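Novice: Chain residues, written in single-letter form:
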Amino acid sequence: MKEHKVLIIVPAFNEEESIGKTLHKLIHTSRNSPYGIDICVVNDGSSDRTVDVVQSFPEVILLDLPYNLGIGGAMQTGYRYAYENNYQIAIQFDADGQHNNEDLSTIIEPLYANEADMIVGSRFVLPTDYKGSSLRRFGIVYFMYLLYLLTKQKFTDPTSGFRAINNRIIKEFAHKYPKDYPEPEVLIYIHKKGYVIQEKSVQMQQRQGGSSSITPFKSMYYMLKVTLSILMQKVIKE
Amino acid sequence: MNISVVSFGVVIMFLFIVLESVRRGILETKYSLLWILTCVVLAVLSISTSLLEMLANLLGIFYAPSLLFLFGLLFSLIIIFDLTRRISQLNHKIITLTQDFTLLKQELKEQEKIREGSKK
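Protein sequences, first through last, are from chains B and D. If you read the first sequence in full-length UniProt numbering, its first letter stands for residue 1, the second for the next number, and so on. If you read the second sequence in full-length UniProt numbering, its first letter stands for residue 1, the second for the next number, and so on.
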């Protein structure tokens with residue numbers, strides 16, 4: 001077995017349009033990178049040709065869930081793989097081409113330098129080209145203040161799915177991972193356990209393929225649900 | 001025929017269904033306990049008018065049989081809550097199992113690849 005240190009976990013649910021391009025770029029980056037990066041796709045029970053596309057990349061590790069577990073269950077599968085195979089760092093990377101390969105070293109390096117246990121790629125630390133709808137921005141700011149109230153730490157992009165963790169948190173996540181709305185919930189869970197979380201500025205593209213299903217009503221409902229689970233996460237017992 | 005007799009009849013019939021389900025292996029014994037308890041309490045309350053009236057007096061309820069509905073409702077709530085908890089546990093188990101299955105499947109494929117490679 002070759003020496004591996006970093007595992008990029010790409011959760012994919014019906015991403016046949018964009019995942020090929022994303023994997024192409026990731027493989028290119030990993031070949032030219034000093035870190036020893038492996039790439040792993042967690043197919044979350046897709047009903048389209050996502051699996052076929054992934055299988056055409058023999059160097060990509062495929063974890064093929066038999067049915068849809070949702071983002072939390074899917075990501076945890078990847079973290080369990082990382083834990084069982086002794087990876088030092090695991091990175092969550094979206095299949096839809098939103099995240100930027102050039103930013104990988106930005107979020108890996110602080111972990112190697114032992115500055116933090118978890119790095120979240122944020123669109124809003126420094127001004128970037130990202131333009132979201134005003135509703136989306138409102139949601140992000142709302143969660144930022146909610147998390148600030150609970151943790152006294154400022155997370156400018158709490159829903160960002162671009163994040164890296166070290167082997168200590170890999171172990172935590174392999175054991176327990178918030179299943180419902182993991183992105184914001186994870187922050188409070190990890191913060192509560194006393195780990196150090198940092199944000200780094202990254203660029204994010206608009207989604208490359210597929211379409212967002214979010215309507216104003218749905219996002220209000222989403223915010224309510226996430227608020228509740230964040231508050232519950234605060235009181236939940238280990 | 002008053003409501004006490006009707007509810008007693010219904011409860012006894014229901015108790016019979018619960019026991020029969022356990023006997024046939026449709027309902028697991030440990031899950032039947034709460035149901036049996038519900039049936040017994042409701043049966044006792046509905047047949048013994050004096051007990052029901054005493055309790056109703058104690059709680060300041062004018063129409064004693066309505067106490068039956070209260071108990072029935074409360075027990076339903078308890079059982080539904082118990083069920084939701086069990087579903088959560090099952091859900092957790094099934095997610096872990098699915099992940100185990102997926103990880104094993106990947107490992108099997110990996111080993112097949114290695115074996116094929118060594119043949120060549």
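Rather than coming from a laboratory, the hints here were simulated on the basis of the structure. Treat the hints loosely; a few may be bogus.
What the hints assert, rightly or not - Straight line, CA to CA, 30 Å or less: simulated DSBU-like cross-link-like pairs of lysine-lysine: (1) LYS234(B) / LYS119(D); (2) LYS30(D) / LYS237(B); (3) LYS105(D) / LYS119(D); (4) LYS93(D) / LYS193(B); (5) LYS5(B) / LYS30(D); (6) LYS200(B) / LYS234(B); (7) LYS192(B) / LYS119(D); (8) LYS171(B) / LYS192(B); (9) LYS179(B) / LYS234(B); (10) LYS109(D) / LYS176(B); (11) LYS234(B) / LYS193(B); (12) LYS154(B) / LYS176(B); (13) LYS93(D) / LYS225(B); (14) LYS105(D) / LYS176(B); (15) LYS25(B) / LYS30(D); (16) LYS105(D) / LYS21(B); (17) LYS5(B) / LYS113(D); (18) LYS25(B) / LYS93(D); (19) LYS152(B) / LYS171(B); (20) LYS109(D) / LYS119(D); (21) LYS109(D) / LYS21(B); (22) LYS179(B) / LYS93(D).
Said to hold, decoys possible - What follows is a list of derived Cβ distance ranges for each label pair: (23) ARG31(B) / GLU116(D): 20 to 26 Å; (24) SER134(B) / GLU28(D): 22 to 28 Å; (25) ASP100(D) / GLY194(B): 43 to 49 Å; (26) GLU28(D) / GLU59(B): 18 to 24 Å; (27) SER219(B) / GLU110(D): 55 to 61 Å; (28) SER219(B) / ILE36(D): 53 to 59 Å; (29) LEU108(D) / GLU59(B): 15 to 21 Å.
Note that the structure is a prediction, hence the values are computed from the model and not measured. Built from N, CA and C at the ideal position, the CB exists for glycine as well.
Novice: Going back to the hint list, which numbers does this structure go against?
Specialist: Going through the list in order, the structure violates hints 1, 5, 7, 15, 18, 24, 25, 26, 27 and 28 and respects the others.
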